[in-house]
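Number of protein chains: 4
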Amino acid sequence: MIDVQKSFDTRNINIDQVGVKNIKHPIQIRERCGKQQHTVASFNMYVGLPHQFKGTHMSRFVEMLNEHEDEITVQSFMQMAEEMIGRLDAESGYIEMTFPYFVIKPAPVSEIKSLLDYQVTFISRIDGQEKNTMLIKVVVPVTSLCPCSKEISDYGAHNQRSSVTLTVQANRFLWIEDLIDIVEKQASCEIYGVLKRPDEKYVTEKAYDNPKFVEDIVRDIALVLNDCDKVTSYTVESENFESIHNHSAFALIQRNKQHEDKSDKKRIV
Amino acid sequence: MIDVQKSFDTRNINIDQVGVKNIKHPIQIRERCGKQQHTVASFNMYVGLPHQFKGTHMSRFVEMLNEHEDEITVQSFMQMAEEMIGRLDAESGYIEMTFPYFVIKPAPVSEIKSLLDYQVTFISRIDGQEKNTMLIKVVVPVTSLCPCSKEISDYGAHNQRSSVTLTVQANRFLWIEDLIDIVEKQASCEIYGVLKRPDEKYVTEKAYDNPKFVEDIVRDIALVLNDCDKVTSYTVESENFESIHNHSAFALIQRNKQHEDKSDKKRIV
Amino acid sequence: MIDVQKSFDTRNINIDQVGVKNIKHPIQIRERCGKQQHTVASFNMYVGLPHQFKGTHMSRFVEMLNEHEDEITVQSFMQMAEEMIGRLDAESGYIEMTFPYFVIKPAPVSEIKSLLDYQVTFISRIDGQEKNTMLIKVVVPVTSLCPCSKEISDYGAHNQRSSVTLTVQANRFLWIEDLIDIVEKQASCEIYGVLKRPDEKYVTEKAYDNPKFVEDIVRDIALVLNDCDKVTSYTVESENFESIHNHSAFALIQRNKQHEDKSDKKRIV
Amino acid sequence: MIDVQKSFDTRNINIDQVGVKNIKHPIQIRERCGKQQHTVASFNMYVGLPHQFKGTHMSRFVEMLNEHEDEITVQSFMQMAEEMIGRLDAESGYIEMTFPYFVIKPAPVSEIKSLLDYQVTFISRIDGQEKNTMLIKVVVPVTSLCPCSKEISDYGAHNQRSSVTLTVQANRFLWIEDLIDIVEKQASCEIYGVLKRPDEKYVTEKAYDNPKFVEDIVRDIALVLNDCDKVTSYTVESENFESIHNHSAFALIQRNKQHEDKSDKKRIV
Numbered sequence: 001m002i003d004v005q006k007s008f009d010t011r012n013i014n015i016d017q018v019g020v021k022n023i024k025h026p027i028q029i030r031e032r033c034g035k036q037q038h039t040v041a042s043f044n045m046y047v048g049l050p051h052q053f054k055g056t057h058m059s060r061f062v063e064m065l066n067e068h069e070d071e072i073t074v075q076s077f078m079q080m081a082e083e084m085i086g087r088l089d090a091e092s093g094y095i096e097m098t099f100p101y102f103v104i105k106p107a108p109v110s111e112i113k114s115l116l117d118y119q120v121t122f123i124s125r126i127d128g129q130e131k132n133t134m135l136i137k138v139v140v141p142v143t144s145l146c147p148c149s150k151e152i153s154d155y156g157a158h159n160q161r162s163s164v165t166l167t168v169q170a171n172r173f174l175w176i177e178d179l180i181d182i183v184e185k186q187a188s189c190e191i192y193g194v195l196k197r198p199d200e201k202y203v204t205e206k207a208y209d210n211p212k213f214v215e216d217i218v219r220d221i222a223l224v225l226n227d228c229d230k231v232t233s234y235t236v237e238s239e240n241f242e243s244i245h246n247h248s249a250f251a252l253i254q255r256n257k258q259h260e261d262k263s264d265k266k267r268i269v
Numbered sequence: 001m002i003d004v005q006k007s008f009d010t011r012n013i014n015i016d017q018v019g020v021k022n023i024k025h026p027i028q029i030r031e032r033c034g035k036q037q038h039t040v041a042s043f044n045m046y047v048g049l050p051h052q053f054k055g056t057h058m059s060r061f062v063e064m065l066n067e068h069e070d071e072i073t074v075q076s077f078m079q080m081a082e083e084m085i086g087r088l089d090a091e092s093g094y095i096e097m098t099f100p101y102f103v104i105k106p107a108p109v110s111e112i113k114s115l116l117d118y119q120v121t122f123i124s125r126i127d128g129q130e131k132n133t134m135l136i137k138v139v140v141p142v143t144s145l146c147p148c149s150k151e152i153s154d155y156g157a158h159n160q161r162s163s164v165t166l167t168v169q170a171n172r173f174l175w176i177e178d179l180i181d182i183v184e185k186q187a188s189c190e191i192y193g194v195l196k197r198p199d200e201k202y203v204t205e206k207a208y209d210n211p212k213f214v215e216d217i218v219r220d221i222a223l224v225l226n227d228c229d230k231v232t233s234y235t236v237e238s239e240n241f242e243s244i245h246n247h248s249a250f251a252l253i254q255r256n257k258q259h260e261d262k263s264d265k266k267r268i269v
Numbered sequence: 001m002i003d004v005q006k007s008f009d010t011r012n013i014n015i016d017q018v019g020v021k022n023i024k025h026p027i028q029i030r031e032r033c034g035k036q037q038h039t040v041a042s043f044n045m046y047v048g049l050p051h052q053f054k055g056t057h058m059s060r061f062v063e064m065l066n067e068h069e070d071e072i073t074v075q076s077f078m079q080m081a082e083e084m085i086g087r088l089d090a091e092s093g094y095i096e097m098t099f100p101y102f103v104i105k106p107a108p109v110s111e112i113k114s115l116l117d118y119q120v121t122f123i124s125r126i127d128g129q130e131k132n133t134m135l136i137k138v139v140v141p142v143t144s145l146c147p148c149s150k151e152i153s154d155y156g157a158h159n160q161r162s163s164v165t166l167t168v169q170a171n172r173f174l175w176i177e178d179l180i181d182i183v184e185k186q187a188s189c190e191i192y193g194v195l196k197r198p199d200e201k202y203v204t205e206k207a208y209d210n211p212k213f214v215e216d217i218v219r220d221i222a223l224v225l226n227d228c229d230k231v232t233s234y235t236v237e238s239e240n241f242e243s244i245h246n247h248s249a250f251a252l253i254q255r256n257k258q259h260e261d262k263s264d265k266k267r268i269v
Numbered sequence: 001m002i003d004v005q006k007s008f009d010t011r012n013i014n015i016d017q018v019g020v021k022n023i024k025h026p027i028q029i030r031e032r033c034g035k036q037q038h039t040v041a042s043f044n045m046y047v048g049l050p051h052q053f054k055g056t057h058m059s060r061f062v063e064m065l066n067e068h069e070d071e072i073t074v075q076s077f078m079q080m081a082e083e084m085i086g087r088l089d090a091e092s093g094y095i096e097m098t099f100p101y102f103v104i105k106p107a108p109v110s111e112i113k114s115l116l117d118y119q120v121t122f123i124s125r126i127d128g129q130e131k132n133t134m135l136i137k138v139v140v141p142v143t144s145l146c147p148c149s150k151e152i153s154d155y156g157a158h159n160q161r162s163s164v165t166l167t168v169q170a171n172r173f174l175w176i177e178d179l180i181d182i183v184e185k186q187a188s189c190e191i192y193g194v195l196k197r198p199d200e201k202y203v204t205e206k207a208y209d210n211p212k213f214v215e216d217i218v219r220d221i222a223l224v225l226n227d228c229d230k231v232t233s234y235t236v237e238s239e240n241f242e243s244i245h246n247h248s249a250f251a252l253i254q255r256n257k258q259h260e261d262k263s264d265k266k267r268i269v
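Residue numbers (the working numbering), protein chains in the order written: chain A, 1 to 269; chain B, 1 to 269; chain C, 1 to 269; chain D, 1 to 269.
Just so you know, the hints here were simulated from the structure itself, not pulled from any lab data. None of the hints are false.
Capping the alpha-carbon separation at 25 Å, the derived lysine to any residue pairs in SDA-like fashion look like this:
no.	chain 1	residue 1	chain 2	residue 2
1	B	Lys-35	B	Phe-77
2	A	Lys-35	A	Met-78
3	A	Lys-257	D	Glu-91
4	B	Lys-113	D	Met-1
5	C	Lys-196	A	Gln-5
6	C	Lys-6	B	Asp-154
7	A	Lys-131	A	Gly-86
8	C	Lys-206	C	Ser-163
9	C	Lys-206	C	Leu-115
10	B	Lys-113	D	Glu-63
11	B	Lys-196	D	Asp-89
12	A	Lys-35	A	Asn-66
13	D	Lys-131	D	Asp-229
14	A	Lys-105	A	Pro-198
15	A	Lys-6	C	Lys-196
16	C	Lys-113	D	Ser-153
For the chain A half of the interface with chain D, some residues (derived, Cβ under 8 Å), not all of them:
no.	residue
17	Ile-15
18	Lys-54
19	Glu-215
Note that beta-carbon positions come from the ideal geometry of N, C-alpha and C, so glycine has one too.
Next comes chain A alone, as it looks inside the complex (with noise of 0.2 Å):
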C-alpha cells in the first residue's frame, strides 16, 4: 500500500507544527502528598514538518499515548517529548497536555475536608536551537474583592470569583501544589468546595479585610514569583468576572529574568 505522506514535496516549505489535537486520554499524577492522581487530559501532539515531506504520520501520535498507561510525571511527561521527536523522525516537537486537577482543602474554621478542581496544562516543547523545555500553566479560581468599591461605600463592597492563570518556566523541580500556593496567598481571600457556617464567616471578612484590584493580584504574585530562584519566566494573568457588570476586569504581567532586555520579551498576541 503507497505511503502518500512519505512521497517527495516539492513546495519547499517547513511545517512549524502539524500533528493531532484535541485528543483525550486518561492519565496519573504525582501529587506533592506522594499519592498518585486519576484524572483525564486533552493533549495536542505536534512535530516540525522538514519541506521535503508531503506529510507526518499521524497515527504515530495516538499509538505512542496508547501505549503510555503509567504514572504521567514532569520528568516522563518530557520524555515523551523526546520519543515523540524520534518517533516522527522530526527536529522540533511539541505536546501539550490539560486536565483537571483535585487537591484536598481544609475548611478554614471547621476544618472539613473536601476537594477544589483546578486546571493544570503542562507544555512541553523541543527544538533543535534549545534543549527540552517545560512549563506548567495552573488556572486558580480565587475571591476577589474591589478595594474602590469598600472605599467609597458606606458598607459592604462588591467582590467576585477570579481566575488567576499562572505560567512558569523553572530550573527545578516544581509541584502543581506549590504554584496554587502563590497563586491563593495572593488573592482576597482563597476559595473551598465546602464552607459551614463558620467558615463563611472567615471567608467573607477575609475578603473584606484584604481588597485587591485585578492590578494588585497580578503585582503580588509577580512580586512572589520575582524572588522565586527556581522560576525563569512566568506569565500571571488575572480576570475578575465582575458581579457589577456583565464583563471581565482582566491583567496580564510577563517576565524573562534570563533575557530582560526588551526586544528578547514575549509578544503577547
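With chain A fixed as given, assemble chains B, C and D onto it according to the hints.
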C-alpha cells in the same frame, strides 16, 4: 437527478424533529422604544417527518432563512414557523433563534448611558393538536448578595454575578424589555456597562441592603409572574457563580397556570 | 450562629429544584469487562424545597460528594439520590453526573488497540409520585456518509463526523458499552483512535458501502431500541457536522413504550 | 470621593496589559462590495500600566466603546487604539474585536445565493517602540478530503469540515473578503449555506478531484501569501475535524517576511 429524500420509507417510524441546527443569520428586532436593532442569531429549524418519507429537504430551511432579510418581530417569527411547515409539507414544526440583545441603560447616579447585552431566544412551535405557540427566553445577568454571609459576618458579605434565565409563554404581547425588567427588579442589584464612582457606591450599598439567596431570586420573580395575567406558563432559573466556591448555586421554579394538576407538569430533564 | 436558611418563608412557593451545579469530582465506573475506570465527572445535584423553608443547605450536597470516594455503579449512584433526599429533608431529588468514558477498541484490520472517548451522563430522579428512576445518556461520535451525495455524484460522497446522543430509561441493567454498541452498529461506520493504512481503507470503503442520512441513523437506532425489552423509553438524536456546510443536520426520535398515547408524550423543549 | 486607582504604587512593577475583557458591542463593518454590515463584536481592551499607578480606570474603556456607534473600518479601529492610549494616559495599548461576518455566496451550479458566516478578529496594537500595527484574523470553514484515503481505497475517500485560521499583518489595505478568498481557493472545496442537488454533485466531485492533507492546505495558502506583497507576516493554521476519528488533525505555518532570521521568530505558545 433522483430525489433520494422523497423515496418511500418502509421502517414505519415517524421522526419527531429533523432539520438544520446551529446556523447563523443576521436579524433585526423591534425594540420597545420603537427603534430597530440589528443583531446576529443562531437558528435551529426542525419539522416532524411522517414515516413514509425517507428524508426531509434540508436546503429549503436555509433558503427560507435567506429570503427573510427584513425585521423580525414576534409576529413575523411565528409566521416563519407556519411558512416552514408549508414548504416542508410537514404537520409539526419547531423554530428557535438565539441572539445577543442590547438595551441602553443609564447608570443609577451619574446617568451615563451604556449598553448592556442579554441573551434572548424566541421559540415557535406548531403541532397538529395545538395551535402555534410562542416562547420567549431571556438570560439576564444580575448581582446577588448572600443573606447568610451578611447575617453571620461582622462586616462585608459575599456577592457575585448571577445568570437568571426566564422562559415564558404569554397570551398577549410582551416586549423583551418587559421580561428583563421583571428579573432585574428582583435581584440584589441590577448590573450596568459603565459605572462611575458614585454609581459604584450606589450599587455596592444597594446589593448589601438587599441580600437574596438563589431561592429568593426565583421565588420573588415567580411572585411577579403569578400576578401577571399575560403570562400563562413560565420557568425561572437562577445560577449564582459563587465567589467563595468553584461551583454554582442553582434554583428553578416551573409553573403552568392553565394546567395546574401535577400530572400535566412538564418533566424537567 | 443563626441558620438563615431554616427560617420560615411566607411566600408560599415551592421550589422545584435547588442545589449545586457544575461541581467537578473524580469517580470510578465499573466497565463491562469487569475492570474499574477512573475518570472525572461534573455533577448537578438538586432537591425540591417545600414552600415553608427559606433555603436549602448547599454545603450538605458537597459534603456528600466528598464522602463518596469509592466506585460508582448504576446502583450506588441511585443510592446517592436517596441519600441526598434524606440529608436535605426533601421529598424529591435530581442528581446528574457527566463524564468522559473510555473504551478500548481494536482497529478493524490491524487490530491495533486504542482508546476512544465517549461522553456519558447518569441521571437519577426521585419524586413523591414515582419511585427512583434512572436515565443513562451516551454521546457517541460516528461517521455518516450522505446517500444523496453518493447517488447523484459520479464518484465520491461527502461524509463527516456525527455526534449521536442516546438517552434511555431501562427496566433492567444495561452497560454503557451496550448503548455504545447499539449506536455504532447503525452508523455509516464507527470511528477509532488509531487507524493504520489498511484500517483507513476499510473504514473509507465501509462508509461508502453504507450511506445514511441523519434520518436513517436515528430511525435505525430506534428500530433496535423498539425491539429491546430492557429499554422502556428513549430519546435518540443525531447531529451531523456537515462537511459541505457551516451548520449541522439534526434529527430526533423520542418514545415512551409504557405510555404510547400522544398526550403523555414528553414535550421537547 | 477618593480615586483609589490614581494613588501611588510602591511595588515598582509595570503591568503589561490591564483593562476589560469579553465585552459585547454592536458594530458596523464596511464590506468589499461597498455596503455596510451590522454585526456584534466581543471586545478585549488593554493598556500598559506604569509601575507608579495603583490601577487603571476601567470605566473609561467602556465609555469609549459606547461613544462609537458609527461604522468601524480598519482605519477607525486603529484610531480607537490611539484614542484609548490617550484617554488612559498609557504608552502602550491593545484592542481586539471578534465578530461573525457574513458573505453572500452563489451556489456553484444553481447560483442560488445564501449567506455564509466567518469569524473575524481585528487586533490593533501600539507600543512605545513601534508604531500602531494591525492584524486581521479570519476563521474560514472549508471541506478537506484525505489524499491517502482516496489513494488506498477502491472507492470513496473520507472528508470533513476543516477550520482554517489565517492571521496577517499587511503594509497596505486588505479586505476581509480578500483573505477569505485566499483560504477558500486552496481547500479541497469551499462550503456554502444553500446547495441544491446539482450543486451537491459539484462539491462532492470537486472535493474528490482535489484531495488535500492538513499539511497541503497550510502549505498552499503559505505559497499564495509568500507571493502577496501586501502581506508582511502571517500565521496560517488548519484544524480538520476528522470524520474517522474523535480528534482533529492540525497544522500551522508562521512567517515574518521582514525578519527572516530564526531568532526573531515569534515563539509559538
